[in-house]
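Enquirer: Residues per chain, in single letters:
There are 2 protein chains.
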Amino acid sequence: MLTKEDTVKDKEEEEEEKEKPRFNFNLYMVEKARSVNQALNDAVLLREPQKIHEAMRYSLLAGGKRVRPVLCIAACELVGGNESTAMAAACSIEMIHTMSLIHDDLPCMDNDDLRRGKPTNHKVFGEDIAVLAGDALLAFAFEHIAVSTSGVSPERIVAAIGELAKSVGTEGLVAGQVVDINSEGLSDVGLERLEFIHLHKTAALLEGAVVIGAILGGGSNEHVENLRMFARYVGLMFQVVDDVLDVTKSSKELGKTAGKDLVADKVTYPKLLGIEKSNEFAQKLNRDAQQQLSGFDPVKAAPLIALANYIAYRQN
Amino acid sequence: MLTKEDTVKDKEEEEEEKEKPRFNFNLYMVEKARSVNQALNDAVLLREPQKIHEAMRYSLLAGGKRVRPVLCIAACELVGGNESTAMAAACSIEMIHTMSLIHDDLPCMDNDDLRRGKPTNHKVFGEDIAVLAGDALLAFAFEHIAVSTSGVSPERIVAAIGELAKSVGTEGLVAGQVVDINSEGLSDVGLERLEFIHLHKTAALLEGAVVIGAILGGGSNEHVENLRMFARYVGLMFQVVDDVLDVTKSSKELGKTAGKDLVADKVTYPKLLGIEKSNEFAQKLNRDAQQQLSGFDPVKAAPLIALANYIAYRQN
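Which chain is which? The protein sequence lines are A and B, in order. In our numbering, each number is its position in the first sequence, counted from 1, plus 651. In our numbering, each number is its position in the second sequence, counted from 1, plus 651.
Keep in mind that the hints were calculated from the coordinates and are not lab data. Mixed in with the good hints, there may be bad ones.
Chain copies aren't distinguished; within one or between two, either way the pair holds.
What the hints assert, rightly or not - Straight-line C-alpha distance at most 30 Å; calculated DSS-like pairs for lysine-lysine:
hint	residue 1	residue 2
1	Lys922	Lys702
2	Lys928	Lys900
3	Lys922	Lys774
4	Lys911	Lys702
5	Lys917	Lys702
6	Lys702	Lys774
7	Lys917	Lys774
8	Lys935	Lys951
9	Lys774	Lys716
10	Lys935	Lys917
11	Lys935	Lys911
12	Lys922	Lys911
Sequences and hints are given; from them, build the entire structure.
Expert: As structure tokens, this is what we get:
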């Protein structure tokens with residue numbers, strides 16, 4: 652005869668069994684993004700000199716899905732670390748992403764007035780402060796990961812800092828932006844150049860996020876390199892999907908101006924491959940990305956698999 | 652009776668005795684600056700994407716006395732390290748100094764067309780590339796210290812990276828520049844605010860240079876803190892002397908436009924204290940700085956003592 656306790660245990664086990672395959676991605680994203688937002692708010696306090704901290708917080712806390720920090724935390728957890736191990740690094744990556752948006756929006760670069768429906772940083776604080784807010788976020792990203800990461804060996808922190816820096820400089824964001832600027836008005840931009848731009852402008856920081864999470868979480872070299880390739884495929888896919896959405900969705904559906912690439916006469920995947928082939932390419936990149944996770948426990952890899960699918964099938 | 656060998660030895664000892672107090676500062680500076688220039692040239696190679704590396708090298712290799720990297724190396728050697736231990740960090744500090752010059756010269760900041768007699772970075776490469784060259788130098792500074800420092804424990808490298816980042820952000824260069832910008836046109840800028848600006852705009856990176864050198868060289872906490880105070884006094888003195896030279900020397904003597912502060916109606920030490928009291932203040936800061944070195948072997952401390960005197964008594 653079953654005791655009451657046994658019945659309860661069985662029910663719990665049953666529910667656990669039911670829960671396992673049904674990974675709740677939306678809940679996961681909401682909870683992780685909430686933790687990240689809290690940590691960002693605590694990392695950059697409003698203190699003296701007020702104006703520069705106001706400017707940094709204005710763009711850093713302007714919302715966004717926090718895809719990069721969540722990728723960092725998910726990679727850390729996948730290899731055995733926990734959220735708190737990766738949180739400082741996850742925030743550092745979002746600071747760098749924010750810096751790149753502030754500087755890219757400047758009049759001397761893309762000259763954008765709006766970002767996520769709000770006036771851009773230089774529109775509110777002036778160009779001088781916007782340049783400095785970007786510089787300060789970039790520097791603080793390195794201070795934060797160096798000073799606030801705990802429970803990790805200094806060897807791994809140094810390695811993570813090297814990866815973080817590489818994802819920004821002339822092998823990362825800056826390289827992508829420079830080649831993008833140099834390609835404006837060129838009529839012969841082919842697939843190779845387009846891929847270079849996106850691998851640097853978009854994929855590099857996603858790669859940094861995942862690799863840094865894996866390093867800080869204690870991942871083996873093999874696992875770190877698997878995750879690096881996963882992130883590189885996801886990063887490129889992110890941009891292919893973005894290009895397709897720009898020509899297939901309305902501004903209302905996207906929540907931002909649609910058709911911007913066409914107006915700017917920018918080379919995109921749909922322009923070079925057509926929409927159908929671009930969609931096929933994105934699906935292939937998603938498969939290639941997920942293939943890199945085959946050596947991991949699928950239950951533990953669920954968040955990264957879901958993140959890849961989310962990026963592949965998003966509608967805005 | 653003395654053998655020939657003894658005579659030679661005596662002569663050598665005599666010459667050593669003679670040499671000891673006569674530390675050849677000019678030779679020291681020339682040799683260290685040459686090593687630093689070589690290391691900077693090797694650190695940022697001209698590679699793809701060409702244009703951004705050209706822009707970075709244009710400003711990084713434009714000359715200058717390399718005071719910050721030499722301070723870093725001298726502090727490292729003082730606590731028992733050697734030149735090669737500190738070289739990557741010394742180069743990182745010069746990269747950050749160069750980044751701050753490129754961004755400060757931008758039209759939205761100080762709008763300068765000339766720097767060390769050459770057109771400023773944005774005049775040659777355009778504003779967009781100048782912003783990105785600064786960003787890339789800032790990021791690369793952290794990559795370089797993290798990846799290329801050898802023979803030092805990772806704990807000390809992480810600590811040095813924390814110090815480097817702090818010297819740039821809202822407790823360093825950026826704070827000084829922001830408060831300087833906010834003080835333009837104010838009639839009530841007093842000594843306290845002036846000191847805040849200079850401690851951040853000028854002293855912070857000098858402090859970073861010395862402290863990082865001492866950390867990487869294996870200095871004790873006490874020695875690191877003595878050297879921190881030394882550098883802070885020297886940094887403030889650097890600026891007081893600069894202010895005095897601006898009003899007492901001709902453009903020809905300075906090798907740059909004299910009287911700039913007067914024209915810009917900037918608050919300076921001579922304006923608040925008069926020239927004589929400013930000179931006295933600089934002398935006091937030099938004494939206070941050197942007082943911090945009293946716990947070190949004076950022969951080993953000779954380079955830092957000479958550097959402080961050089962900054963105090965320079966004529967341009």
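Enquirer: State for each hint whether it applies.
Expert: Hints versus structure:
no.: 1; hint: Lys922 with Lys702; in the structure: between (43 Å within a copy, 27 Å between copies)
no.: 2; hint: Lys928 with Lys900; in the structure: within (17 Å within a copy, 69 Å between copies)
no.: 3; hint: Lys922 with Lys774; in the structure: neither (33 Å within a copy, 35 Å between copies)
no.: 4; hint: Lys911 with Lys702; in the structure: between (33 Å within a copy, 27 Å between copies)
no.: 5; hint: Lys917 with Lys702; in the structure: between (36 Å within a copy, 21 Å between copies)
no.: 6; hint: Lys702 with Lys774; in the structure: both (14 Å within a copy, 29 Å between copies)
no.: 7; hint: Lys917 with Lys774; in the structure: both (25 Å within a copy, 27 Å between copies)
no.: 8; hint: Lys935 with Lys951; in the structure: within (23 Å within a copy, 63 Å between copies)
no.: 9; hint: Lys774 with Lys716; in the structure: within (23 Å within a copy, 38 Å between copies)
no.: 10; hint: Lys935 with Lys917; in the structure: within (24 Å within a copy, 61 Å between copies)
no.: 11; hint: Lys935 with Lys911; in the structure: within (26 Å within a copy, 61 Å between copies)
no.: 12; hint: Lys922 with Lys911; in the structure: within (13 Å within a copy, 54 Å between copies)
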